[in-house]
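Colleague: Each chain, written out:
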Amino acid sequence: MNNGFTILVIDDEAQIRKLLEISLEANEYKVLFAINGKDGITTAASHQPDLILLDLGLPDEDGQSILKKLREWFVNPIIILSVKSTEEEIVKALDNGANDYLTKPFRTQELLARIRTALRSKTSVNNEMTLSFGNCTIDFASRIVKANNEIIKLTATEYNLLALLIKNDGRVLTHQYILKEIWGQSYSEQTQYLRVFVAQLRKKIEEDANHPKFIITESGVGYRFNSS
Amino acid sequence: MDKLFFKSTKNQYLISFLSVAIVSLLCLIVRDVIDYKIVGYLLLVVVSLLAIFLEIKPVLLGAVLSALALNFVFIKPYYTLHIDKPEDILLLALYFIIALINAVLTNNFRRMQRAIQIKQTRASTLKLYNTLLDSLSHELRTPIAAILGSIDTLQQKDVKLTLETQQKLHNEIEKASMKLNYQVENLLNMSRLESGYIYPKSDWCDVKEIIYNTCNRLSEETKDHKIIISVDENLPLFKLDYGLMEQIIYNLVYNCSQHTPKGVTISINAKYEVDADYDSHIDLIKKCVITISDNGYGFPAAEIDRAFDKFHRFKDSKTGGTGLGLSIVKGFVEAQNGTITLQNAEDGGAIFELSFAVDCLSINSLPNE
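In the order they appear, the protein sequences are chains P and E. Counting in the working numbering, the first sequence runs from 46 upward without gaps. Counting in the working numbering, the second sequence runs from 5 upward without gaps.
A few of these clues could be false.
Unchecked claim - Within a straight-line C-alpha distance of at most 20 Å, the following computed EDC-like cross-link-like pairs (lysine to aspartate or glutamate) qualify:
hint : chain 1 : residue 1 : chain 2 : residue 2
1    : P       : Lys129    : E       : Glu189
2    : E       : Lys291    : E       : Asp363
3    : E       : Lys243    : P       : Glu263
4    : P       : Lys191    : P       : Glu252
5    : E       : Lys205    : P       : Glu134
6    : P       : Lys149    : E       : Glu250
7    : E       : Lys243    : P       : Glu234
8    : E       : Lys205    : P       : Glu155
9    : E       : Lys212    : P       : Glu263
10   : P       : Lys249    : P       : Asp214
11   : P       : Lys149    : P       : Asp57
12   : P       : Lys149    : P       : Glu66
13   : E       : Lys183    : P       : Glu155
14   : E       : Lys243    : P       : Glu132
15   : P       : Lys191    : P       : Glu173
16   : E       : Lys205    : P       : Glu263
17   : P       : Lys149    : E       : Glu189
18   : P       : Lys137    : E       : Asp207
19   : E       : Lys290    : E       : Asp207
20   : P       : Lys149    : E       : Glu178
21   : E       : Lys205    : P       : Asp140
22   : P       : Lys258    : E       : Glu224
23   : E       : Lys183    : E       : Glu224
By construction, these hints were calculated from the structure, which means they are not laboratory data.
Looking at chain P on its own, in the form it has when it is part of the complex (with noise of 0.2 Å):
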């Protein structure tokens, strides 16, 4: 059911490998492990895995330099996971090009989730004209979103969020990088206009903007869109 997807798990605790390579395979993945990260490098390099679960705090390396090494070449998802639960961490990791990351404790039914997302976003290249979500569309050639068939009104910047989110569904996306996208580069500190943007735009697509499915917010980090 999952095509016989590879994933690589750079982590050095024996208890997560278990743990992951029982889920994992569980779920139909091929599972390859590396305990450290020139091993994991390695591995990578040697078999092309289509996902990579990196742990940040490793034994041989800090585990930000080890993603910008991986970063240099490797072109597929990679995932964090790791106990360091800063934000400051969190949101390097993803600006060294991490597409996700779990603190653990994780639950495991949110990681399948997240690496169905990641390996979908690799296979399927946005490039469709239209989308769906929940009872809402979207048609990008018209700029132009529905909720059960009525025209949703939205202002130009509203519009560019949703559709900057939604083409990234699944991906967290920092607070400084929608902004930079938006707004331009000197709005990178202003999260004043997303907070106030991300509330509006909830009361307009979300069936209740106080319990949002759509739009959810990753404290201190950013925004994610979650389409299923």
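Based on these hints, arrange chain E on the given structure of chain P.
Modeller: Okay, now just chain E, sitting in the frame of chain P:
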């Protein structure tokens, strides 16, 4: 700086020398007017004062120097160590002895005081440590016991468990792990606070979003409680630390859910207040005020002031707890220059009020292009 200055031995000798020298010089100026016995008393006062503040050796130096000065400059004949009158010899000898006794006694007294202080600190640390150990071992071991027990039952080979029982045991393991995780999180946060490793990262926060987000995360823990959230329409954005605010609200709501009976209502309210600063008539102090209240039993009146104390657990508390949750809340609130108060409502229940006088920004002031 003063303390450091006193700590250096070299400085202590210098202080001792200078104070004796200065007092002697001052007395020298008025030598013809005052009796040399008075000078003796004055120098004795100097040595006594030195004994209060300095270590023993510099004080002894002061005692010797002052005795020499008394003899050399003030007892006739001047500027010799020779003394004419036998009673002056006696006076000098007595002066020296009293100065020495003074120095030694004061020093001993201080040493004893210090020893008592150390002993007291040790005793209170020990008491704190025991309370901590007591509550922690309870709070950490209970969930571990639940996890191990459930797993053992699931692994029993000779007993056939129904699917329903298995499900229940799995749920127990899940609940216990979450509890364990919460306590570990609290311990880590406490050590962050203790080590001073809290640098709030203030950024524009949508307080309403933080409250809903946190309550959504707590939906499992609060499923037997009723939660009512009311937030001012058009509440401005406030400059706060998102992560710390989440933890504050999480701990407070979690605390309510754990220490009140089922069916209790937990109300969370966020509003914007403006206080006029009557001194200046210009500055308006804008505040974000969050109240979290419940209609449970409230806190024991006698101990309510100690609710935020580290490791404090209320007497007769049946619901346990490490006494960490609320003290972390206070630490995180104060790290953001906020204040927190706790009081019992007149008709029962507890009211926590948080107040942050921080920068705010009206949502309507932003362009909506």
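Colleague: None of the hints should be skipped; say for each whether it holds.
Modeller: Structure-based check of all given hints:
Restraint check for lysine 129/P and glutamate 189/E: satisfied, since their Cα atoms lie roughly 12 Å apart, inside the 20 Å limit. The hinted pair formed by lysine 291/E and aspartate 363/E meets the criterion: a straight-line CA distance of about 8 Å does not exceed 20 Å. Proximity of lysine 243/E to glutamate 263/P is assessed by CA-CA distance (about 18 Å); at most 20 Å being required, the pair is judged to hold. A hinted pair counts as satisfied when its Cα atoms are at most 20 Å apart, and lysine 191/P with glutamate 252/P qualifies at roughly 13 Å.
As the CA atoms of lysine 205/E and glutamate 134/P are separated by approximately 14 Å, the hinted pair is consistent with the 20 Å bound. Note on lysine 149/P and glutamate 250/E: the hinted pairing holds, with a Cα-Cα distance of about 18 Å set against a maximum of 20 Å. With a C-alpha separation of about 13 Å, the suggested pairing of lysine 243/E with glutamate 234/P holds against the 20 Å cut-off. For the hint pairing lysine 205/E with glutamate 155/P, the CA-to-CA distance comes to about 28 Å; that exceeds 20 Å, so the pair is violated.
Taking the CA atoms of lysine 212/E and glutamate 263/P, the gap is about 15 Å. The hint holds against a cut of 20 Å. Proximity of lysine 249/P to aspartate 214/P is assessed by CA-CA distance (about 18 Å); at most 20 Å being required, the pair is judged to hold. Proximity of lysine 149/P to aspartate 57/P is assessed by CA-CA distance (about 14 Å); at most 20 Å being required, the pair is judged to hold. Straight-line distance between C-alpha atoms of lysine 149/P and glutamate 66/P comes to about 16 Å, which keeps the hinted pair within the 20 Å bound.
Of the supplied pair hints, the one linking lysine 183/E and glutamate 155/P holds, its CA atoms being roughly 19 Å apart against a limit of 20 Å. Pair hint lysine 243/E plus glutamate 132/P holds up; C-alpha atoms about 17 Å apart against a cutoff of 20 Å. In summary, the hint linking lysine 191/P to glutamate 173/P is supported, as the alpha carbons are separated by about 16 Å, within the 20 Å threshold. Distance hint between lysine 205/E and glutamate 263/P is fulfilled; the C-alpha atoms sit about 15 Å from each other, no more than 20 Å.
With a C-alpha separation of about 12 Å, the suggested pair lysine 149/P and glutamate 189/E falls inside the 20 Å cut-off, and the hint holds. Between lysine 137/P and aspartate 207/E the CA atoms are separated by roughly 18 Å; this keeps the pair inside 20 Å, and the hint holds. For the hint linking lysine 290/E to aspartate 207/E, the alpha-carbon distance of about 16 Å falls within 20 Å, and the restraint holds. With a CA separation close to 15 Å, the supplied pair lysine 149/P and glutamate 178/E stays within the 20 Å bound.
Between the alpha carbons of lysine 205/E and aspartate 140/P the distance comes to roughly 19 Å, so the proposed pair stays at or under 20 Å and holds. For the proposed pair lysine 258/P and glutamate 224/E, the alpha carbon gap of about 18 Å is at most 20 Å, so the pair holds. For the hint pairing lysine 183/E with glutamate 224/E, the CA-to-CA distance comes to about 12 Å; that is within 20 Å, so the pair holds.
Against the hints set out earlier in the document, a violation occurs for number 8 only.
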